[in-house]
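The listed protein sequences correspond, in order, to chains A and B. The opening position of the first sequence corresponds to residue 1 in this note's numbering, with each subsequent residue numbered one higher. The opening position of the second sequence corresponds to residue 1 in this note's numbering, with each subsequent residue numbered one higher.
Please note: incorrect hints may appear among the correct ones.
Unchecked claim - Label pairs and their in silico Cβ distance ranges:
no., chain 1, residue 1, chain 2, residue 2, range
1, B, A132, A, T21, 30 to 36 Å
2, A, S19, B, Q152, 42 to 48 Å
3, B, Q152, A, G130, 49 to 55 Å
4, B, S61, A, Q96, 36 to 42 Å
5, A, S111, B, E56, 54 to 60 Å
6, B, A151, A, N17, 44 to 50 Å
7, B, E114, A, T57, 28 to 34 Å
8, B, Q152, A, T71, 34 to 40 Å
9, A, S19, B, P99, 41 to 47 Å
10, A, F12, B, D54, 49 to 55 Å
11, A, G55, B, I94, 25 to 31 Å
12, B, Q91, A, D84, 48 to 54 Å
Just so you know, these hints were derived from the structure itself, not from any lab. Cβ coordinates follow ideal geometry from the N, Cα and C atoms, glycine included.
Take a look at the letters that make up each chain.
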Amino acid sequence: MPGSWSPNHFPFLTSDNHSITSSATKRYNCIAWAAGETSRRWDPDPQGVYYWPPGITRSTRIEAVAQVYETLGFRLCFSTALEDGIEKVAIYGTVQNGITFATHAARQLLSGEWTSKLGDAEDITHHDLGDLNGLYGEPMVYMERRRAASTNI
Amino acid sequence: MRRPWFLPIQSVATVIVVSAVTLLYGDAQATQEVVTEAPVCVYNTIQEPSCLLDDEALDKSIRFQKLLREWHEQRGSMSWMSDIAMCPAYQSIIGIGPPVVPLILAQLRSEGDEPDHWFWALRVITEVNPVAEQDQGDVTKMAEAWLQWGAQQGYAG
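In isolation and in its complexed conformation, chain B is listed as follows (with noise of 0.2 Å):
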């Protein structure tokens, strides 16, 4: 008479049990397509990317843009354009040397018909003057002018 009432409780202990591994089978599974799909996203989100990136060229265009800020705090309501190319910040950006070439250009592009002052650096490092006599001081036949050399240059246009 003492063991009818251990077999419901056995009975019942197994229910618990099996429910419990369903349980648990089911958020193995779905913890498992997760799993699945997790390294095609991230591969597609970061290992792509990183394929395209050019370290050094990152790192030129921080530095870059870095030394334009500072320039552009620098030189502050200065009239004379050899006062504005001796900022140190436009110095660096000088000592750069041909490398920075490309990235001035970009800029100059992007600056449309308020071109700033970069054909003092760009006649420097370069050593040469696409300006035509007449278009002197004319700032935006002056970016034009450049940018028709840069592209004749191979820079992307």
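Here chain A stands alone, though its shape is the one from the complex (with noise of 0.2 Å):
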């Protein structure tokens, strides 16, 4: 069954290549699922609307989004490879006049897939992170941490 998202923002997101996992909602999104929460939206909008780790600039700018996960302990890495006891999250982005904006974080599971929530859509798990290319750009940044007992899913 098709998500609720439009497939012409994802072209690369094929029958093939991902199934949905949840239902659609808008109590969380990216971001938050990403660092495994649902029940806040994260989301640095200028009003103070929704929620934004405290201490982080409120900005879409890709090097704010990786210090909001970064206060969650991932720090840079370079690999996607799947790494026993290691959990990545990898953060997408576009250009835009030369400054680099976040668009979306998916996280790596224990399988090495990865588990993404689609704007206010469903979430999917996608057999690669270029499966998302298209609106949300491309991944940019990846990080890594220490995978917790609890995030062993």
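Put the complex together from the two separate chains, hints included.
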């Protein structure tokens, strides 16, 4: 069954490379989902409407989003390969006028596949990071931390 | 000897005329009954609701629903609230100003546990923020806070 997102936004997402793992919801977004939270939206909107970790600049620049994951114990890395005991996130971005803005984040599962929340639509498991290239630009920053027992999913 | 056949013809003609009048009278009476009842039906089904509707409120509601549909189409799978809020239809909703607040609150109430992204618009239009800091990002609690604020301001609950 197709998800509630527009197929035009994700031209590389096919029925063979992803599966839907939740119903659509607005209760959390991709940044929260990659951080392991499902009860709040993490969003640096300038009106201060949604949650953003204290002490981090409210900006969608990719460095601000990377700092959010840094507060959760993630550090920059340069490989997306599955490593035993290591949890990874990938931050997608697009470049506008020389500035890189974050657009999305995905988290690696124990299987080596990735899990993503697509806007206000469903969560999906996708085989590769490139499956979501399109509306979200492409993965630009990778971060890792030691996998906690609670994130062994 | 020529008259006797004329009279019966005249009598037959009279019977035909009387029968026709009877039929016509009956139809006329039936028609009169329908016509007598019809204005009552028309009055009950058309006049009464039109007295209850406010044309201006109806126009606002129709415009709001149109902009809501356009906003859903425009925002697609955007992640950030700042992008979602910059959609032209969302900006048009904000542009309506204070009169749109009761419509937004009614829409928010109808969305139940899956409230849409109305908080930005409400905050910009009203210049208040009734959401407790610890509830930021919890959309269900945020909706509750705004609906409570709306009730305090006198918007229909």
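Q | Outcome of range test on Cβ distance (A/S19, B/Q152; 42 to 48 Å) | A | 46 Å, holds
Q. Taking the beta carbons of A/S19 and B/P99, is their distance inside 41 to 47 Å?
A. 45 Å, holds
(Q) Is 44 to 50 Å respected by the C-beta to C-beta distance linking B/A151 and A/N17? (A) The hint (44 to 50 Å, Cβ to Cβ) holds, given that B/A151 and A/N17 are roughly 48 Å apart.
Q: For B/Q152 and A/T71, compare the CB-CB distance with the range 34 to 40 Å and indicate the outcome.
A: At roughly 36 Å between Cβ atoms, A/T71 and B/Q152 fall inside 34 to 40 Å, so the hint holds.
Q) Is the hinted range of 25 to 31 Å satisfied by the C-beta distance from A/G55 to B/I94? A) Check passed, 30 Å falls within 25 to 31 Å.
Q) Are B/S61 and A/Q96 spaced within 36 to 42 Å by their CB atoms? A) 37 Å, holds
Q. Is it true that A/S111 and B/E56 lie within 54 to 60 Å of each other by Cβ?
A. Hint holds: Cβ distance 58 Å, inside 54 to 60 Å.
Q. Do the beta carbons of B/Q152 and A/G130 sit within 49 to 55 Å of each other?
A. 50 Å, holds
Q) Range hint 48 to 54 Å: satisfied by the CB atoms of B/Q91 and A/D84? A) 49 Å, holds
Q | A/F12 paired with B/D54, Cβ distance criterion 49 to 55 Å | A | 51 Å, holds
Q. Would you say the C-beta atoms of B/A132 and A/T21 sit inside 30 to 36 Å of each other?
A. 32 Å, holds
Q: Look at the Cβ atoms of B/E114 and A/T57 and judge whether their distance stays inside 28 to 34 Å.
A: 30 Å, holds
Going down the numbered hints, you'll see the structure goes against none, and every one checks out.
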